[in-house]
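Protein chains: 2
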Amino acid sequence: MSTLQKLQWRYATKKFDANTVLSQDKITLLKEAFNLTALSYGLQTLKMVVIEDKAKREKLVPIAYGQRQVADASHLLVLCIQSKIDETDINAHFNTIKSVRNTPDAILEPFKAQLTGTITKMTQIKKDNWATNQAYIALGNLMTVCAFEAIDSCPMEGFIPQKLDEALGLDTLGLKSVLLLPVGYRATDDMFAELKKVRKPLSQTIIDL
Amino acid sequence: MSTLQKLQWRYATKKFDANTVLSQDKITLLKEAFNLTALSYGLQTLKMVVIEDKAKREKLVPIAYGQRQVADASHLLVLCIQSKIDETDINAHFNTIKSVRNTPDAILEPFKAQLTGTITKMTQIKKDNWATNQAYIALGNLMTVCAFEAIDSCPMEGFIPQKLDEALGLDTLGLKSVLLLPVGYRATDDMFAELKKVRKPLSQTIIDL
Chain A
79 MSTLQKLQWR
89 YATKKFDANT
99 VLSQDKITLL
109 KEAFNLTALS
119 YGLQTLKMVV
129 IEDKAKREKL
139 VPIAYGQRQV
149 ADASHLLVLC
159 IQSKIDETDI
169 NAHFNTIKSV
179 RNTPDAILEP
189 FKAQLTGTIT
199 KMTQIKKDNW
209 ATNQAYIALG
219 NLMTVCAFEA
229 IDSCPMEGFI
239 PQKLDEALGL
249 DTLGLKSVLL
259 LPVGYRATDD
269 MFAELKKVRK
279 PLSQTIIDL
Chain B
79 MSTLQKLQWR
89 YATKKFDANT
99 VLSQDKITLL
109 KEAFNLTALS
119 YGLQTLKMVV
129 IEDKAKREKL
139 VPIAYGQRQV
149 ADASHLLVLC
159 IQSKIDETDI
169 NAHFNTIKSV
179 RNTPDAILEP
189 FKAQLTGTIT
199 KMTQIKKDNW
209 ATNQAYIALG
219 NLMTVCAFEA
229 IDSCPMEGFI
239 PQKLDEALGL
249 DTLGLKSVLL
259 LPVGYRATDD
269 MFAELKKVRK
279 PLSQTIIDL
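For the record, the sequence lines run as chains A and B. Numbering-wise, the first sequence is residues 79 to 287 according to this note's numbering. Numbering-wise, the second sequence is residues 79 to 287 according to this note's numbering.
Hints in this document: simulated from the structure, not taken from any laboratory. For each residue, glycine too, the CB sits at the ideal point set by N, CA and C. Be aware that a few hints might be false.
[To be verified] Here are the computed lysine-lysine pairs in the DSS-like style, where the Cα-Cα straight-line distance is at most 25 Å:
1. A:137 x A:241
2. B:205 x A:278
3. A:190 x B:190
4. A:92 x A:204
5. B:241 x B:254
6. A:278 x B:274
7. B:190 x A:274
8. B:84 x A:104
9. B:254 x B:84
10. B:132 x B:92
11. A:205 x A:92
12. A:199 x B:132
13. B:176 x A:254
14. B:93 x B:109
15. A:205 x A:132
16. B:132 x A:204
17. A:241 x A:190
18. A:205 x B:278
19. A:204 x B:162
20. B:176 x A:92
21. B:93 x A:241
22. B:176 x A:190
23. A:109 x B:162
24. B:84 x B:274
25. A:278 x B:84
26. B:176 x B:204
27. A:93 x A:109
28. A:104 x B:275
29. B:93 x A:109
30. A:254 x A:278
[Unchecked claim] Partial selection, computed: residues in chain A whose CB lies under 8 Å from chain B:
31. 82
32. 83
33. 87
34. 90
35. 118
36. 173
37. 175
38. 210
39. 233
40. 234
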């Protein structure tokens, strides 16, 4: 399949085959792909929670307004932002750069100082919005990687984050869930798989200047 | 290359080869890929501006704090949200569904009413944040598609949107730019291409529950 055929193949899976499970190789690939997402300033403050346990996921279905994909998919991915982002994260990031690349402090320090200024000046709301934006980059990346790997997925904004955080104990880890992505394989009788894709023509969404 | 090798190959290109241009096929592919991005409610309110003209892009460099990629890349993609999102967009969307899928009104109407309620209840700030999130999905999708197509790219949040909108006349089109993505081919002497990727180990970014 060409790139476009793969993107065409992808759809928001409404019904997963509850009896098929992604291989451990595919799960590892999705974890690595998440970790390779391009993020603002390279600062990796996102976390991805991976849940296979069916009983645990069954309890989340009502929190996701009854969407069965949460439990029926092979795995549930939960994209989370940190409730607190501060100098600790920036220091850790620059320590990682230093250890990976052996970059001298003299080169790193001005960037570090600038980023520290930028981040610490943000209000909590601004930080949350900024971090949430990054989670959406990860979502876009993961859905496309899934399409290339013939993995089905269904992006979800529709759930009650606070309740999900409590149910999974994410609040005690200092995390806030922002997006769900059930992944697995479509059920053979998911009628949505066969529906024609609804898209505006390029003439309405692209502007050549 | 495997999927992970392709994602590893991708980096935020600091220096593009100013003399190579993406083929028209590649540009069309990027437009189609943008148009196939999975968006909230399937509501396509995003627009992508595609600029090849060098002179036009040269004027945008100072607006992007001197980042040369804006002018040196083969093309500049500008992801935009609409300054106004209302019932007109929802009506157009449901008309498209109807024309593509022949779905009966009796099935569509409840969804349409629900979505109209959701969107019209949003404050302008909430609408902007919601729409901006969608632009980040498109960015994530596009960067990954680029990696699979051996196209280089550099995601940019760092520019002055209002000035860019004025310079390109996007304000008069009712659009607000939110992200830039220069695309093209890396310069052979971009030292950043060879630097080791800086990423936390999976143990710090993934939580298995």
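For each hint, the structure was consulted:
| no. | hint | verdict |
| --- | --- | --- |
| 1 | A:137 x A:241 | holds, 11 Å |
| 2 | B:205 x A:278 | holds, 21 Å |
| 3 | A:190 x B:190 | violated, 48 Å |
| 4 | A:92 x A:204 | violated, 33 Å |
| 5 | B:241 x B:254 | holds, 10 Å |
| 6 | A:278 x B:274 | violated, 40 Å |
| 7 | B:190 x A:274 | holds, 19 Å |
| 8 | B:84 x A:104 | holds, 16 Å |
| 9 | B:254 x B:84 | violated, 32 Å |
| 10 | B:132 x B:92 | holds, 18 Å |
| 11 | A:205 x A:92 | violated, 33 Å |
| 12 | A:199 x B:132 | violated, 36 Å |
| 13 | B:176 x A:254 | violated, 38 Å |
| 14 | B:93 x B:109 | holds, 23 Å |
| 15 | A:205 x A:132 | violated, 33 Å |
| 16 | B:132 x A:204 | violated, 34 Å |
| 17 | A:241 x A:190 | violated, 36 Å |
| 18 | A:205 x B:278 | holds, 21 Å |
| 19 | A:204 x B:162 | holds, 22 Å |
| 20 | B:176 x A:92 | holds, 19 Å |
| 21 | B:93 x A:241 | violated, 45 Å |
| 22 | B:176 x A:190 | violated, 53 Å |
| 23 | A:109 x B:162 | violated, 37 Å |
| 24 | B:84 x B:274 | holds, 15 Å |
| 25 | A:278 x B:84 | violated, 30 Å |
| 26 | B:176 x B:204 | violated, 28 Å |
| 27 | A:93 x A:109 | holds, 23 Å |
| 28 | A:104 x B:275 | holds, 22 Å |
| 29 | B:93 x A:109 | violated, 29 Å |
| 30 | A:254 x A:278 | violated, 34 Å |
| 31 | 82 | holds, 6 Å |
| 32 | 83 | violated, 11 Å |
| 33 | 87 | violated, 10 Å |
| 34 | 90 | holds, 6 Å |
| 35 | 118 | holds, 6 Å |
| 36 | 173 | violated, 10 Å |
| 37 | 175 | holds, 5 Å |
| 38 | 210 | holds, 7 Å |
| 39 | 233 | holds, 6 Å |
| 40 | 234 | violated, 10 Å |
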